Each structure stands twice: as C-alpha cells, then as structure tokens.
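**Student:** Use these hints to put chains B, C and D onto chain A, whose structure you have.
Chains A, B, C and D, in that order, give the protein sequences.
This note's numbering puts the first residue of the first sequence at 106, with every later residue one more than the last.
This note's numbering puts the first residue of the second sequence at 106, with every later residue one more than the last.
This note's numbering puts the first residue of the third sequence at 93, with every later residue one more than the last.
This note's numbering puts the first residue of the fourth sequence at 93, with every later residue one more than the last.
Since the hints were derived computationally from the structure, they do not count as laboratory data.
This one's a predicted model, so the numbers in the text were calculated from it and none came from an experiment.
Everything hinted at is true.
Under the rule of at most 30 Å between Cα atoms (straight-line distance), these lysine-lysine pairs were calculated in the DSS-like manner:
id: 1; chain 1: C; residue 1: Lys411; chain 2: C; residue 2: Lys349
id: 2; chain 1: D; residue 1: Lys411; chain 2: D; residue 2: Lys96
id: 3; chain 1: A; residue 1: Lys205; chain 2: A; residue 2: Lys238
id: 4; chain 1: B; residue 1: Lys238; chain 2: B; residue 2: Lys205
id: 5; chain 1: A; residue 1: Lys223; chain 2: C; residue 2: Lys96
id: 6; chain 1: B; residue 1: Lys223; chain 2: D; residue 2: Lys96
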Amino acid sequence: MFKFEEICELIRLVGSTGVSKVEIEHAGSRLHVEGAAHVVVTPGAVAQAGAGAPPPAAPAPAHGAPPPAAAEDDGLHAVVSPIVGTFYRAPNPDADPYVKVGDFVERGQVLCIVEAMKLMNEIECDVRGTVMKVMPENAQPVEYGAPLFMIRPA
Amino acid sequence: MFKFEEICELIRLVGSTGVSKVEIEHAGSRLHVEGAAHVVVTPGAVAQAGAGAPPPAAPAPAHGAPPPAAAEDDGLHAVVSPIVGTFYRAPNPDADPYVKVGDFVERGQVLCIVEAMKLMNEIECDVRGTVMKVMPENAQPVEYGAPLFMIRPA
Amino acid sequence: MFSKVLIANRGEIAVRIIAACRELGIATVAVHSAADRECLHARLADETVCIGPAESTGSYLNISSVMSAAQITGADAIHPGYGFLAENARFAEIVHECGLTFIGPPPEAIRLMGNKSQARRSVAASEVPILPGSDGPLGSSAEALELAAAIGYPVILKASAGGGGRGMRLAWDESELQRAYDTAWNEAERAFGDPTLYLEKYLESPRHVEFQILADRQGRVIHLGERECSVQRRHQKLIEESPSPALGPELRAEMGKAAVAAARAARYENAGTVEFLLDREGRFYFMEMNTRIQVEHPVTELVTGVDLVKEQLRIAAGKPVSMAKRTQVRPHGHAIEFRINAEDPRTFAPSPGRVSHLVMPGGPGVRVDSHLYAGYTVPPNYDSLVAKLLVHGRDRHEALVRGRRALAMLRVEGISTNAEMHQRILEDEDFQAGRIDTHFMERFLTA
Amino acid sequence: MFSKVLIANRGEIAVRIIAACRELGIATVAVHSAADRECLHARLADETVCIGPAESTGSYLNISSVMSAAQITGADAIHPGYGFLAENARFAEIVHECGLTFIGPPPEAIRLMGNKSQARRSVAASEVPILPGSDGPLGSSAEALELAAAIGYPVILKASAGGGGRGMRLAWDESELQRAYDTAWNEAERAFGDPTLYLEKYLESPRHVEFQILADRQGRVIHLGERECSVQRRHQKLIEESPSPALGPELRAEMGKAAVAAARAARYENAGTVEFLLDREGRFYFMEMNTRIQVEHPVTELVTGVDLVKEQLRIAAGKPVSMAKRTQVRPHGHAIEFRINAEDPRTFAPSPGRVSHLVMPGGPGVRVDSHLYAGYTVPPNYDSLVAKLLVHGRDRHEALVRGRRALAMLRVEGISTNAEMHQRILEDEDFQAGRIDTHFMERFLTA
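The following block holds chain A by itself, in its conformation from the complex (with noise of 0.2 Å):
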C-alpha cells in the first residue's frame, strides 16, 4: 500500500485540514485515520508497508508520564509508580542503589522506594529481567503513572 512517510503525510494532512477520518482499505490492507483528538492508525496498513513503524507515543507531560498502557518502548517493559510522591533509589542516603543498569531482576524483587506521606513505599519489579534504564532522577517527584524502570523481560 503507502510507504510510512506517506501515511505520516496522510495524518498530517487530517490534522491540518480538520477532516474528521479517513479509512483506506486496499488489497486486504486498511487505513482508519479519524481526526482532531484521535489518530488511529490501524497497524496492518502500516507492517505491510515493511518500512513502517507505529506512529511514537503521546509526548510526555511535565512529570514525565504517559499513560501507563503506552509505557512501552521496542519490547521494553516499564514499571510504573503505583502512586504520588518521591522516587528514591536506594533505602537511605548512604546505601547502595537497589538495582542498577544491567542487573538481572526477579519479580518481586524491591528496585526503589516511593515515598509519600512520610511512608516509604517499596516499588517491586512486576516482571523478571533485565535493568536497562532508570527512569527518574534519585529524589525527583514522580505522578501516578509514571515509567520508573525499563525492564527487558527474560
């Protein structure tokens, strides 16, 4: 069907131009793109164009959270802050990180604290794998939501 630069091209010009949605099928392959608030590219259009990646996440907002769902990166697993507060990495000022990059980690296994309202909220790894990103700075205010760890699960 199109290349992506063409379907790119293609939702550009939906936004631009105000136009509601446009669905494209072709040879089995289908294009849906609805305007305004929501673009939604239906991902066979694109795989067959074998160029094609889906269209990037939503921007981050200012705390840095997307929406937990889209919290995924090339089959990296994010694990998000369950709540409100400060992202620490190790249980006190002096001691070591619980986990840093390249560690291999268990499910279960604590990889921070969050705390808030002066309770220290151990974060435990939803999955078992391996460490290739820390998301916040040590001590910086995270929301609800926001990715802590990337994880590539084993």
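**Tutor:** Positioned in the frame of chain A, the structure of chains B, C and D alone reads:
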C-alpha cells in the same frame, strides 16, 4: 487505486469544502473521508470520475443556493442568480414563460427576470444548450448564487 | 497570601479556583486522574500532577495521593472545591497536620454541620427556627412513632450523616413510619456507615431558599443574600436564582439574621451556605448548612459583584472579608443559573463522549463556568455537570428572556445535554410567575 | 415593536444584535456573503440570505442587495451594526423610503456629523468646546497658513469627509503646512471624493475620551458616562475602559453635559457617541460624533447594566429610553475591553485561517463577544477583529488582574492573535497607573 497525491488532494478538498464524508470503492479498493460538517455526498460521481475528481456539490441551504462554483451536476451547467430578488419566469403575469424545459437556448438569450428593488433584471443565458430543469418556483425569492436553470450544453 | 495552592478537584470548579488564584497572583497545582489529562483544569494550571486512576476513590478521593502531590509541588494551601473531599473533616485535619492551610472552615465546623441531627440541635440553641422533630438522634422506632403522633403526620426520617436523599424516607401514617424506620436505618448504615436517624415534620410544598455566608477569623459574619433553589430533580438542583421571587426585604432580613446566627453557632469561618425550607405562609426552617463553596455560588457573585472564591482565599489567609458589613453588599439585578448536564434528555442517563462542536453564548449579562472545549472528551467517571450557564438582567423579566436567548445560542454536539429541558422550563407559566417549590420538577416532568 | 429585523452586518456585532432581538422576541434575518455561510451570525439567525460575493462591495456594502433581502424576507427594520453601511446617510434614507425602519439616527444627523467641519461648527454654536481652528472648510492653503499663524503651531489638517486617519496631516511649521495642504487635499479627494479640508490646533498628548449617548423621539437625551479609548494604534482602538482614570465627578458632569449638548445640536436620536480630546490640564474639546453603535459599547453596558442594543431597538420603535434620567444610571465597578484581532503579533498583518482549538475564558466578571468557534475559518476578506474580551471588577485594580487572568485562559490555535500583546500592555507601568494618551502605543511599541 488512486495515486497518493490524488488522495491528499481529496482530503484537502474535504477539509476546505466542509464536506462531511467521502467513501470511494474502486476495484476492491475503498476510500472514505469524513469532514467536519454534515453534508451529503453522492458517491457515484466520484467513482465514475475514477481518480481525483472534485467532491460533488454541497446540498442547498434554505434558499437553495450552493456556492456558484460548485453548481454542477452530471455535466449540466447551472445558470445562477447574480443578485438577491424574486424570480419570475415571464415578463408579466399574463405572458408566457421566457423558456420551458426542453427549449434550446442561445448564449445571451433572456431566461427569466429577477426583481430587486422594483427593478426587473433580465437574466441572460451564459451558455448554449438545452433547458433541462427550472429550479425555483415562479415568484419565489432567490439568494445570490441560487441556481435558476440547469442547461445541458450543446 | 499563599504562594501556591493545590486544587483537590476537577472540571469547572477547578477552573473557577484557578481563575481566583491567578487574580490574586497565586500559583496553582492541578491534580488529575489518568482520565483527566486533557481536562481543562489540567491544561490551565501552572503545574499538574497525575494522582491516580480514573476511579475517584483512587484519585480525587485519595487523601494520601492528594497530600503527596501537595508535598512534591510545595503547595502551601489546598482548595477542595465542592464534592470529593470538600466536606471531609478528617481531610481538613490532615491538611492542617501537614502544616498546610485548608481553604474552608475549621474541621470542627465541618464535623458539626455534617451530622445533621447535631446541627439541628446546635442551631436551635441559637434560636434559629427548626422544624418540629426529634431533639437529637432517635433511639428506636417506638420513639419515632411517639414523636410523630405528637407533631402530626406527614413526617420525614433522615440520616444524621445524610445527604443527597439517601437514608431519607417519608411517612404519611403510623404503618408507613414503622416500615420506613428499618429501611432508612439500613440504607443509612450502608451509605454512611452510621445508621442513626432523626425525624422532622414534613413540609408538603416548601421552597428551598439558601443564604450565602462569609465569616472571617476576626469574628465578622455577613450574609450576601439568598438563592432560590426549588427547581430540583431527585435532590439535584437544576436552576438557581437570586433574589428569590418569594422574599421581600423584611423576610430577607429575618432569614439572613437566622443564617448568620446558624453560622455563629458553628463557630464558622470561610464561605458557607445555610439552607432553609420556606412554607407558603412565609415561615422558614433551618435545613442544613453546607460547609463549602456551592455549585451555584456564581448566582450570588452576579448580583453582589463579590468574588466568593477570592474571599475564600483571603479569609483562609487570615484577612478580613472585604465588605465591612452587610450594608456594603448592594445587590443589583437578577441572576439565574442553568446547570448544563451531559445527559440523555429523556432518560437522564449520563451522556459522556467527545464534544465535536461547541458554541458558548456570550454578550451582555451572560456568564459561563465550564471546562468544555470542542474536541474534549467528557469521561464517564464523574459528575455529569459540564457547564453552568448564568444570566444577569436588570430584573427577573430581563434575566428570563436573556436565559432563553443564551440557551438558544448554546450549541453542543457530540454529547446530549439538558439544555432543551431548560428552554421548556422557561416556557412554563408557573416558573415564569415564580410559583415554584421543591415539587415543581415532578409536576413539570409528568405534565 | 418590530416583528422581524434584518441585520446588515456580519461577525460579532451581528451576533450581538441577534442576541438583543431574541431578548425582545424579534425574529432575525442574517445576510451574508458567499464567504460567510459558516459565520456564526448566519448560523444563529432565524433566516439567512446570501447577498453577494465575498468582497464586501458586492455584498455587505451593496445597498440594493441588502434591501432586496429585506423585501423577500418581509423584515420591517434594518440594523446596520458598525462599519459597512452604518454611517451611510443615503442608505438610511433608502430604508425609510422603502417603508422600513432604520435602527439608528435620522439621515440628517448622520449627514451632519459625517461632515467633520460642519459638525464642528454646529456643536460650537451650542457652546460645546472645540479646538481653535477654521470656522468651516478652508478655501486655500493661504487661508490655512494665516489661521495657523494666528492660533500657533503645531496644527493638523483634516478632511471634512474624513475618518480613520486618511486626509489627515500634521504640521509643525509654515513650510510643513504648505506641503501638507496639497497632500491632504489629494488624499481626501481620492479617499472620499471630497477634497475639502479644515484645520485645528494640534494637541500633543491628549487622551481620547468619549461619551455614550441615548436620545429618544420624546426628546430625552441622556449620557451613560465615558469610555477612555487612548490606547490606539494608527487610529485603531485596542483597549477601552470605563470609567476613565483621568475623570473625576466634576469633569465627568461637565463633559457629559457637553456631550448631551452636541447630540441636541444634531437633533440626534438613538445611540451615539461623542468623542473628545482631553488635555493634561483637564480641558476638553469636541472631536467628532459617531452616529452608530460602537465596537466598544459593551464597556458601558458592563458598568451601567444597560443593554444598549436593546435600547437602540426600543428607541427606533418609538419607545422612550428606559432610564428616565441620568440619575437612574448608576455605574458600578470598572470595565475594560481588549480587542482580539486575528493578526500577526509582530507585523500586525491579518492572520486569517481555520481555528483549530479554542478555549474562551469564563468565570466571574468576564464577558466575551465573538463569532469564533473551533472549526471556523476566519476569511481574509473582512476586519481582523474576531473577539472582544471584556472584564468587569469592583475597581480598576480588580479589572486589571481579571484581564490578566482572562487573557491567560484564552486559547486560540490555528490563527495568530494579539492576545499576548495585551498581556504585555497590562504589565506596562504607565498603563497600570492609568497614564495613557493617544501616543501610548507608539511609545509602547518602540520601547
């Protein structure tokens, strides 16, 4: 199906014309574009035209006046009112109409009168052909741009 | 004055509070649920914090999340708006314990007025008229039957911890009361975790008339006149206006005095509302006191020119109310509020969804408080109130015709609203004549 | 009262007039050009007629089309709004000749006040102060030089038929005046078809202060206070407010009396505006009278509570003004209007296009008069004014902070506007202190 540029052009057209939806199916392919407003589209015209045809006319508002430029239908030519006023088919109530459906008319021939401010404005034909349809009723008010006669050009 | 206020609410009232803060030069923090990223309050505030999932129990009702958000943003005060945590005395206490200011009354006043039977007793001691009924919570159904026999039927049972019609039962005779007692007890237990009931004489066709109060730390308590709120459906107000078509200057002065006395009885501070029932003979009875800013506060703002939310902020910061006395409040004209709900006009079921087209009315004497914008998706998780359309005219007649034209100019597409029902109410003869009571909507909807 | 009014205008003022008609129960006919099918006035009116192509000469300025539209719809009166045909005396005459009512002053008053040198002479006869200058049109450049020598430089040449700065030339000495005379004469000839000029003493830093007038057929003439309009760029007003920071009660009374005298001199009827120049010593001089509703009329509506467009309709229908005398107009608070133009904030070039996102501010003390909605395409053919954002506060300070927060809450995407420039003006120390004159914007833009 269509070339990419042709689809872009269609989308741009939908956005700028305020058409609400365009659906195109062609040899197993299908294109569907929805705009912002609520305007009905005849799919036939586009499918027939094959590629990149302009979207068909918007439906008539209260006083029956689509934009002058869009006043075409199945190759017919619309003679539109150049002024606001009252439409009369004959020079006076006892006279015969200037033209009837089926008449062959010449460029410059008077087709009707549009009365505005007590002035009887004779409306001349701007094409040579056969009168296929008389749009307003006799003595009906017409807007600027309202279609008066549909002519099949010779 | 505060340097940064966190707003523990959403939608139109959060936008309203942001406006007040901005006018006082105070920075704002909006908290929002995961469903409210695109809600206008989150778009307009200086800072935002996502505090939990769409369900309000995990977000807007989650005290710990709200307080953490205040902590990480360094807010020095919290405005609760209405609903959610606004009348939660424990929340107000926690805010104070954390060293922040709660923009509202002291926790004790919230607690006292939250317990309806206690509130009744307390204001009665200050000679505020109350309906004949129980002098505190009822001990048993036998006590209820005895009391009802003494004051005469019909009577109404209400939950001490109540609100919104739950735990409330009407009885026209002994057998109804006998049955109603257990039902109401169980309902109150389930709804509020407190089954205690009290009993009052039931007024058959009262008006709901409430007075706006401002009280400061310096001990000044003034009222800003009344709001007529009789147009309700299932205890949900739909249209409010000021002045009430039923009040003359004398009755207004008398009721206003009682409202001030009720606020003093609660050692009240900040903005509050004293609700009365008013019967056809001009007798009025204390119903309850709402210890928060009301949805319908703009009605009073339009006729008095006083910005009530700015007054709330000033009072909470220890400043006196900006009008030294009642005589400095000079109401002018007539104001009406129409609550625009996202709901099916026939079934009253909520109508969430994406607003595809929007035209808000403007021009003279029109005020809109809303979080709507074209492209916004109304989530299904919260209240259906999406806009408050207010009109102000030189007199009631001008307000009515202005209401009609403003509603006609309002265009909302993509969701259903009750705007057309408001238009029909405006055409109702009784409404036009000001002949309204709390049963007006029942009659209107069955007519 | 009229049964159907045709509105010979577009955009926000047409929407404003529809609102007034609806409140009086009058049906409305919107006329529109082919480019304005989706303009809000065409969407909100009861009936619409397309009267011509996008170019206003063929549509909104086409008297024959407008009259035909009135004829085919059966309208019994025409409201011209401002601009277009509003100050065309011939149009007013034609409306009357066709048996319809022109909602505005008599053609004679329009004609008299349209000729600036005649207007000057006529009000001077009623002892309204005018600037020293020519007693009628100048005969020659020699006469101009002689007069200038007598009254002293600087002087200004103006076209009798003028307006909007065309045919206007400033001269600081004899040689400048000599050159300016021919240039101005030619410019006036080209712009108005009438080359006659008059000459006035030039005030170096005056304020522009205008008074709103209402005059009825019963001979009553009242004023509704002033509007300070000194914030202008190239004779285009940008911000207007009432009351003027420069006026006390005595000066206001004196100027109001002069404004009423000027209106009486013109045998005026309906709403009108008398413009004055005010110097630093508190001396004021008649500049001109605008024989129509002004763009900035809502400023007066906010402080007086009077609906000026409804008054226009009432007066045109032969009814008296609804306030018996000036003392019944009780202004309260302070109002400011910000004109939101669709223009490039740096170059001031028009910025037409599609509005992709729109949030209009609401809440207390905010009024919006606009024809914008999300999805609307601002056509390139007309005026760049797309919204009037007005604020009302208890005093000037509250109006200023409210203006700041309302502008901050305004969101317009898809087109550029001057909203941010208004924010910067609000931060200007001189503006905040009310130290403004007609050169304020020049200083502001070069600072």
